[in-house]
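Asker: Sequence:
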Amino acid sequence: MVGITGLSAGCWVNFLGSGALQVHATNMADSKAKPAKAANKTPPKSPGDPAKDKAAKRLSLESEGANEGAAATAPELSALEEAFRRFAVHGDTRATGKEMHGKNWSKLCKDCQVIDGKNVTITDVDIVFSKIKGKSCRTITFEQFKEALEELSKKRFKDKSSEEAIQEVHRLIEGKSPIISGVTKAISSPTVSRLTDTTKFTGSHKERFDPSGRGKGKAGRVDLVDESGYVPGYKHAGTYDQKVQGGK
1 MVGITGLSAG CWVNFLGSGA LQVHATNMAD SKAKPAKAAN KTPPKSPGDP AKDKAAKRLS
61 LESEGANEGA AATAPELSAL EEAFRRFAVH GDTRATGKEM HGKNWSKLCK DCQVIDGKNV
121 TITDVDIVFS KIKGKSCRTI TFEQFKEALE ELSKKRFKDK SSEEAIQEVH RLIEGKSPII
181 SGVTKAISSP TVSRLTDTTK FTGSHKERFD PSGRGKGKAG RVDLVDESGY VPGYKHAGTY
241 DQKVQGGK
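Quick note: the sequence shown, position 245, residue 245 per UniProt numbering, numbers continuous.
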């Protein structure tokens with residue numbers, strides 16, 4: 001009888017006919033049955049009421065259509081509101097045009113001649129602005145803007161009815177834009193023109209500019225020597241004929 005030692009668990013021996021032994025090793029982990037993976041199945045939906053589903057779908061489609069129709073039929077801005085937005089964004093890159101500061105309100109009344117210096121003054125404009133805006137607000141909306149114009153129209157056009165006065169004030173503002181002031185204009189006095197007109201320069205100053213009035217740079221300040229020639233001692237190439245003819 002043959003004794004075999006040193007074999008671990010999971011090994012088995014096969015006796016061959018020639019007396020040799022063949023040892024086979026098995027993986028105990030493989031021999032164990034792997035648990036079956038649970039199938040990922042979606043639970044079936046509970047049956048609902050078909051009538052309710054159709055009604056909900058119809059309501060969602062109607063709401064989407066209403067939103068699209070509202071966006072497509074957005075009302076155009078009136079001439080008065082366009083003028084309001086132009087003045088509201090004047091001088092402020094962060095302004096949206098929906099609200100107006102007191103400074104721009106005063107400019108609008110001045111540029112559009114709502115302030116006539118007699119019936120309506122800058123003080124009246126400031127008082128109306130403080131009255132219309134909220135206590136903690138610094139701006140007015142377009143609706144508040146129209147209320148402020150209604151207040152000023154009573155003073156601006158005293159001899160007309162309230163409706164006619166409002167229409168007249170609106171006409172003063174509709175289609176208007178801010179007037180840009182403070183732009184420096186060119187002065188055309190004889191003293192200044194003598195200093196800026198290069199055709200009137202004399203002496204060395206005249207040599208610094210070409211006939212078109214453009215500066216020559218270094219060539220107008222320094223007498224540059226043309227050192228081009230056939231040999232180092234020969235300068236001003238191509239001027240020999242001119243010198244000979246000039247000498248004659």
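Don't take every hint at face value.
No more than 20 Å apart at the CA atoms, straight line, and that leaves these computed lysine to any residue pairs for SDA-like [as the list claims (entries may be wrong)]:
id, residue 1, residue 2
1, LYS110, LEU195
2, LYS135, GLN113
3, LYS146, ILE115
4, LYS160, GLN113
5, LYS103, GLN113
6, LYS131, LYS176
7, LYS176, CYS112
Distance windows between CB atoms, simulated [to be verified]:
id, residue 1, residue 2, range
8, LYS118, ARG85, 44 to 50 Å
9, LYS110, ASP223, 22 to 28 Å
10, ARG214, ASP92, 54 to 60 Å
11, ASP92, GLY134, 55 to 61 Å
12, SER181, ALA79, 40 to 46 Å
13, ARG194, ASP159, 52 to 58 Å
14, GLU147, ASN119, 17 to 23 Å
15, ARG86, GLY134, 40 to 46 Å
16, SER130, LYS160, 47 to 53 Å
17, ASP159, ARG85, 29 to 35 Å
These are computed hints drawn from the structure, not numbers from a lab. All C-beta atoms in this analysis are idealised placements derived from N, C-alpha and C, irrespective of residue type, glycine included.
Asker: If a hint holds in the structure, say so; if it doesn't, say that too.
Answerer: Hint by hint, here is what the structure shows:
As the CA atoms of LYS110 and LEU195 are separated by approximately 39 Å, the hinted pair breaks the 20 Å bound. Between LYS135 and GLN113 the alpha-carbon distance is near 28 Å, which puts this suggested pair outside the 20 Å criterion. Distance check on the hinted pair: LYS146 and ILE115 sit about 16 Å apart at the alpha-carbon level, within 20 Å; holds. With a C-alpha separation of about 18 Å, the suggested pair LYS160 and GLN113 falls inside the 20 Å cut-off, and the hint holds.
Of the pairs offered as hints, the one joining LYS103 and GLN113 holds, with about 15 Å between alpha carbons and a cut-off of 20 Å not exceeded. Restraint check for LYS131 and LYS176: the C-alpha separation of about 25 Å exceeds 20 Å, so the hint is violated. Taking the CA atoms of LYS176 and CYS112, the gap is about 7 Å. The hint holds against a cut of 20 Å. Checking the proposed 44 to 50 Å range against LYS118 and ARG85 shows it is violated: the Cβ atoms sit about 29 Å from each other.
The supplied range of 22 to 28 Å is broken by LYS110 and ASP223, whose beta-carbon atoms lie about 60 Å from each other. Distance hint for ARG214 and ASP92: a CB-CB separation of about 40 Å, inconsistent with the stated range 54 to 60 Å. In this structure the hint that ASP92 and GLY134 lie 55 to 61 Å apart at CB is violated, the actual value being about 20 Å. Look at SER181 against ALA79: about 23 Å separates their beta carbons, and that is not inside 40 to 46 Å.
In this structure the hint that ARG194 and ASP159 lie 52 to 58 Å apart at CB holds, the actual value being about 56 Å. As the Cβ distance of GLU147 to ASN119 is approximately 19 Å, the hint placing it in 17 to 23 Å holds. The supplied range of 40 to 46 Å is broken by ARG86 and GLY134, whose beta-carbon atoms lie about 24 Å from each other. Distance hint for SER130 and LYS160: a CB-CB separation of about 26 Å, inconsistent with the stated range 47 to 53 Å.
Distance hint check for ASP159 and ARG85: the Cβ-Cβ separation is about 31 Å, which falls inside the suggested range of 29 to 35 Å.
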